[in-house]
Every structure is written in C-alpha cells, then in structure tokens.
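Colleague: Sequence:
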Amino acid sequence: LPGLDPSVVPVELVSKSHHICYKNSKGMNMTHTIKLHQFPMTNAYMFTDYQAQGQTIPYLIVDIAKPPSSRLNLFNLYVCLRLYICIQLISIMVVLTLLSHVVEFTLYMCSTALPCWAKQGFCHHLQHFPELKLCWV
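Residue numbers (the numbering used here): 512 to 648.
Just to be clear, a hint being listed does not mean it is correct.
Distance ranges between label pairs, derived from CB positions [stated by the list, open to error]:
1) GLU523 <-> SER581: 30 to 40 angstroms
2) PRO513 <-> MET541: 46 to 56 angstroms
3) MET541 <-> GLY514: 44 to 54 angstroms
4) LEU547 <-> VAL519: 24 to 34 angstroms
5) HIS543 <-> VAL520: 48 to 58 angstroms
6) VAL520 <-> HIS548: 13 to 23 angstroms
7) GLY538 <-> LEU515: 13 to 23 angstroms
Quick caveat, the hints were computed from the structure, so don't treat them as lab data. Think of the CB as a built atom: it goes at the ideal place given N, C-alpha and C, for glycine as much as any other residue.
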C-alpha cells in the first residue's frame, strides 16, 4: 500500500453479524442481532534458543540463520531442534549460505531419537535443498 514501509502488514478489522432467535417469557418469537468486530490475528511469540531450553513446543518454526550480534554455533541448532513433539509439526527455515556440515549436524542430532518414518518426513522437508548432503547416523 502506498505510504507504508515494506515491513508493515496492514490488518483490517473484520465484522460479522450473528442473529439469535428465541422465545421470550410470553412465548413471543424474538430476534436479536449481535455484531462482532475482531482483528483476524493468531497469537504467537518468539524467543531465543537460550530462552527455549527445557521447553517442548507442539508447532515450531526454526529459523536457522546467523544471529545479528554473534555467530551461529552447533549448540544453537541442537537446542532449537530438540523442542519439537512431532517431526511433521516442525518447519525449518534454512539460509542457503550455511555450510552443509551444519545441516548434517542438525540431521544427526534429530536422528538419535527418530524412527524411520520420521526420518523420511524430515528428508521430505529438506527436498528443496538438493545440494545439501543428508547423513543419518
């Protein structure tokens, strides 16, 4: 939209009317209309890998990118990828500038407790990165 910064996402208020029909104490049919106004948003939050230690999260998006003030290390990846409950509910955002050994480490850490069907699902998530070498240990 003209005048908005590229990082601004406009959210419009949504209105919906609900009609409630009932009989009052005298037996007469009554109708009331209730109008709901709401912003169509889903609550979410983010945190660093240090704040995430010890948590289990059902739906997870892991952004594997270089932190702005430091460098990415293997500990960061380990902590982030041990938070999930089910491999099908994790989304991994990989920056293609990462070296393949980092992703190999990620797969190794995940494979320690995963059955074969989960490993196949994980490989499906990474099919868009054919240049990466997958190594299950």
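Colleague: With reference to the structure, classify each hint as holding or not holding.
Modeller: Verification of the hints:
no. : hint                                  : in the structure
1   : GLU523 <-> SER581: 30 to 40 angstroms : holds, 39 angstroms
2   : PRO513 <-> MET541: 46 to 56 angstroms : holds, 47 angstroms
3   : MET541 <-> GLY514: 44 to 54 angstroms : holds, 47 angstroms
4   : LEU547 <-> VAL519: 24 to 34 angstroms : holds, 26 angstroms
5   : HIS543 <-> VAL520: 48 to 58 angstroms : violated, 35 angstroms
6   : VAL520 <-> HIS548: 13 to 23 angstroms : holds, 19 angstroms
7   : GLY538 <-> LEU515: 13 to 23 angstroms : violated, 55 angstroms
Hints 5, 7 from the earlier list are contradicted by this structure; the remaining hints agree with it.
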